[in-house]
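Participant: Each chain is listed here by its residues.
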Amino acid sequence: MRAILTKRVPFLLLTLFVSSVLIFVATEILPVDVARNMLGQFAPQEAVDALNERLGMDKSPLERYLRWLGRVATGDFGESTSLRSPVGPLIIKHAINSGILAGAALLLIMPIALLLGIVAGLYPNKFADRVISLSSLTATSTPEFVVGVLLLLVFAVKLRVLPGSSALVVERTALETPSKLVLPVLTLAIVDIGYVARMMRASMIEVMRSAYVRAAKLRGVPFHRVVIKHALRSALLTPVTVVMLHINWLVGGIVVTETIFAYPGLGQLMLTAANARDVALLEAGALFFAIVAVLSQVGADILYIWLNPRARMNSA
Amino acid sequence: MTHPLLQVDDLSISYATEGGWIRAVRNVSLAVNPREIFGLVGESGCGKSTLAYAILGDLGEGGKRDTGRILFQNRDLLSLSSHELRRLRGAKIAMVHQDPTAALTPTMKIGVQLAEVLHIHATVPEQRTQERCIEMLARVHLSDAAGVMERYPYELSGGQQQRVVIAMALLAEPDLLVLDEPTTGLDVTVEAAVLDLLLEIRDAFGVAIVYIAHNLGVIARVCERVGVMYAGELVEVATTANLFHRPQHPYTVGLLSCVPRVDRPAGRRALKPIPGTVPNSIVIPTGCSFAARCVYVQQRCRDQRPPLEATASDSLVRCVRWREICKEAPDAAAPQENKTINPASHTILEVDNLRVYYPVRRRFGFDKQLVKAVDGVDLAVGQARILAVVGESGCGKSTLGAAIVGLRRPTSGRLIFNERDIGKPVGRRESTVHRLLQMIFQDHSATLNPTISIGRIVGRPLRLFSIVPPRQLQDEVKALLRSVGLDKATTHRKPAQLSGGQRQRVAIARAFASRPKLVVCDEITSALDVSVQASVLNFLLELQRDNQTSLLFISHDLGVVRYLADEIMVMYLGHVCETGPADLVFDGPNHPYTEALLSAVPVPDPEARSTRIRLKGSVPSAVSPPSGCPFHTRCPRSLGKICDEEVPPWHELGSGHRIRCHLPFSGDAVKGLRTEGGTGRKDSVALHV
Amino acid sequence: MSAEFMVGQDENLAHSGGVKFTQSFIRALSRPSAAVGLAIVSFWILVAILAPLIAPYGPNDLVGRALQSPSAAFLLGTDDLGRDVLSRVVWGARVVLVLAPMAVLIAEIAGALIGLFTGYIGGWVDDVIMRINDALISFPAILLYLLIIAALGPSKTNVVIAIALASIPGIARIVRGVVLDLRTRSFILAARLRGERLWYMLLVELLPNARGPVIVDATLRIAYAAFAIGTLGFLGLGTPPPDPDWGGMVNQGVKWLSVSAWMTAVPAIALASLVIGLNLLADSLQSRIKQ
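Quick note, the sequences are listed as chains A, B and C, same order.
So the first sequence is residues 319 to 634, counted in our numbering.
So the second sequence is residues 1057 to 1745, counted in our numbering.
So the third sequence is residues 1455 to 1745, counted in our numbering.
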């Protein structure tokens, strides 16, 4: 186990490094005059130039990249030009909110989706499966914003049972006002349950068809035991690891959901930053997501090895 | 007459597929008595596996029974409820599959899976479960049984896994054991040990065995009665002796004529492939299913389907002409013209002290471990000669072939082809070398690009090397295809539309298209059915003779090697043990490993009695090979310390026959080293050392 | 089931490979879910093609009072600027149905070439390219879109570029996977033994074999591209106003939900139906081709 990690970690650091380069390159293309953004439309040109020079905007890209890396390493993420406040704490606060949203969604999704997938996979093409499959497909095909808007329409506007906006009062966290979480979490969950359930179903079908499951049945092992002891562990392999890697995909959902419900999470922050060409915020936020992505890969690897004894033999 | 344990009555099973209903089993009737070993032999698509699974009550997905029943202890297996069936399975009837990895759940420890069987069938009290499992593992000769219990399937070798599966099948002490090709894919020496085990088990436990195989040699070794299946039907049932010495159905006769045998010198007997192809399982012909391919066919064979009738020697045959058919023993068939062995004019390929090592990834630690796949091999192939390289898995023969053609980088040593040094990787060799040095591979399903038509595949080397002017290209392609028995309509087909044997023939045509001087053949018929193998080998030989091409023929099948080879080289763990002209090597005396190999090959002759030389253990890892003589850890004739420590010297036995061993092969002691055996070799005196 | 039950070893199959594929395709469509998918997609394609004939008004015409409910003149009501919702939805179909396939086509070609090359070459070149590739894949797609469109500005072209760029790494990985699998097959070894050049190996021996996975991926990806176009439009990163963009229309309508839901709900459902239809099609094709 340890060997796997020691082999993976350098690789992941490399990925992170490459990500940082890409992020920096992307934001470099932005036709942004950072100093002007900070000082405003009507500031005199000399002041703008002076600020640019102070910010190091006139140096070569390589130098700026290295400086940026240096600052990041020490925890200084710069200041947001659009929100006029230090980026670091901003990111953290919003990240926590997004974390709560994502966490709640995952807690809802995993058990339901896995269960639905298992049931559908055990009795393929029977009634239950057809219903589950079709609804999963529909759910996963519907963009989050459609789901979100429809939920908003039904529950907030027509029925008025839930709040239409999940914007939080500044000093409160989402956990203290759970009613504001319901619609966003539901939105995220519905789409994702479809996706995970379909994966689980496919994996279950494949495992139940495998030769060793058939052999176990031919030894007289009763059905429930075949499923739980022989089949399940292998069947869970693909979906569970995919879900961990799926966190990236979830981010897309988060951005959209937060936008619809005005939930102050990282996704919404990134969108604001993109629209305002807020370079520092964009870079820091993207870096944060890259780290999350890398960590989820590590998590997926560990989970895979734990579930699949065969993988312990080969390194990477 | 004992009451049969298993009785199959007029059983027919069909499957629904997209193309229609496949009649996999048609009106099969047979009986298996208690304690009997009954063999079921046939080639792919004959329905034997379907029948095997049906005996366990499993018709698979989309299968249904059309007629008949399977009676086990007087109950129809196919009519039982799933509950009753579950109680029978594992407890009364158990199955051993072909692929042990397909029977063992990869995510559960061996011990847990074994204990589960006992637990479900409750034949043994809880406390004794572990004990009993370990007992059984020891019974199947697995060393360190307690350790094996704690391992996962992937941690064991193929032979070990198969033993575990057998142990698992025996745990609940069933009355009937069904084995579906249990030794396919195992090395010959391991297979021999497993077959011994089966006989032992039958004697110890009194269990009846249904043994399904396509290898006639194996059937001859273990079975008492045999049923032959063709196109879903049972075409002959007889005792083993009768089947092999007095076959009654033309298909059986055909099968026996096309098996290359290790105990018959080449030149004595040609392989006669069965003409035609296996019929479509969807469209059933009226009349005899074998009629289209039968050399004894008459009109009445096509009009009406022959019934299964009892014959004089207490056998069953599905043929109307069985009385009239010439029943000469198959191997007295038309003799092949003797291969004149001309002295080689010059050496086409010379390999000098070749070593191929490659690093292996280790779990922990950073020291690079090396797999010594080929460790100091010399060989020479003369023009138009066939050199066979034999050995079991891990001996390095495939790596040797790959290194010669440039697909693997040699670590040291020289390769001289056509008087030029070709030690570079294939991409950097000269075009002449590409043209003159070709290879044919084992995997017929992957040897042709599925998206390219046959005509283009065969035409490519012609075009690339400008073998013929462009105008003549199409004609040359057709000529090449004809030379391997394929008509010109094949030109437009894609590989997926051809059978395995046909694809392999196209691969041969492709290899010979550029008129090479040497073709390396890497296990080219290992994956083919016996009758198909015969035709492929015959075409290969024809092309080889016509083009005067040399062949480096890599194989583990000694029967095929006997049929083809001029010279033989035996490899073990990256080293050469023995080499020399084929006849001399097969006659003996031999290196102890060659001896064991020859005695392990199952021969399709129930009378053959080979000395039972069984090797202990399995092939050591090529990462840390034994010191001194690599074979000393398993050698039944080991001399002790000298074999452990010193690399053995070469002995010349004359005419190019050389053996690398510490045993005294030269001088007077040579006579004493020839051993008795059913392999057609000279009788002898036991070894005196 | 073992190959036992297929036609016997030496049997020639009647159909050629191409016919078999088409047959599978047709059979795939005979399943009810596939038929529904095909119906939905065909419907929208027709709508897009016949837009000038079907739409009562132009896409940007101001024709009535704002936020009206459906009436005889405006079958699906009007939006916040007084434009006919029906017309805008009809014209908007063109946007999605042109941009999605275009983005996927570009991505498939570029991704396949990269995957072929890096998979076959191997060695350190492959390592380097794959590191960069993996970094891109592990990046949430939405962020890539954000970054790219923030950099280049919202426009139809840039949406295509963004989606294509975000898709290329995934495609390259799939094709590379196919190449890695094929690289050890005997027919490739046979070609190497002939001394074939690199371009021949990539384009003649390898590329046609990647056809299956590429087609399956492309069909799924078009569905996903439609999804993404809608989402980008919703986030304000798609087609700039005033041109009709289904996602953008939903975005503009959210604030008016309590007044009139039509301008929001109709394009939302339109997009959802299209993506569902595409997914249904892709799904049945996928299970067919896999066999």
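These aren't lab readings, by the way, just hints derived from the structure by calculation.
Even for Gly, the Cβ is constructed at its ideal location relative to N, Cα and C.
Don't take each hint at face value.
[Unchecked claim] Think about it this way: if two alpha-carbon atoms lie no more than 25 Å apart in a straight line, the pair counts; the simulated BS3-like pairs of lysine-lysine are:
{"hint": "1", "chain 1": "B", "residue 1": "1534", "chain 2": "A", "residue 2": "547"}
{"hint": "2", "chain 1": "A", "residue 1": "444", "chain 2": "A", "residue 2": "547"}
{"hint": "3", "chain 1": "B", "residue 1": "1550", "chain 2": "B", "residue 2": "1534"}
{"hint": "4", "chain 1": "B", "residue 1": "1672", "chain 2": "B", "residue 2": "1328"}
{"hint": "5", "chain 1": "B", "residue 1": "1534", "chain 2": "B", "residue 2": "1544"}
{"hint": "6", "chain 1": "C", "residue 1": "1610", "chain 2": "A", "residue 2": "476"}
{"hint": "7", "chain 1": "A", "residue 1": "444", "chain 2": "B", "residue 2": "1120"}
{"hint": "8", "chain 1": "A", "residue 1": "547", "chain 2": "B", "residue 2": "1148"}
{"hint": "9", "chain 1": "B", "residue 1": "1672", "chain 2": "B", "residue 2": "1697"}
{"hint": "10", "chain 1": "B", "residue 1": "1120", "chain 2": "B", "residue 2": "1165"}
[As the list claims (entries may be wrong)] Rough simulated footprint, nothing fancy, chain B against chain A, three-plus residues with beta-carbon under 8 Å:
{"hint": "11", "stretch": "523-532"}
{"hint": "12", "stretch": "614-622"}
Participant: Which numbered hints does this structure break?
Facilitator: Violated hints: 1, 4, 6, 10, 12; rest satisfied.
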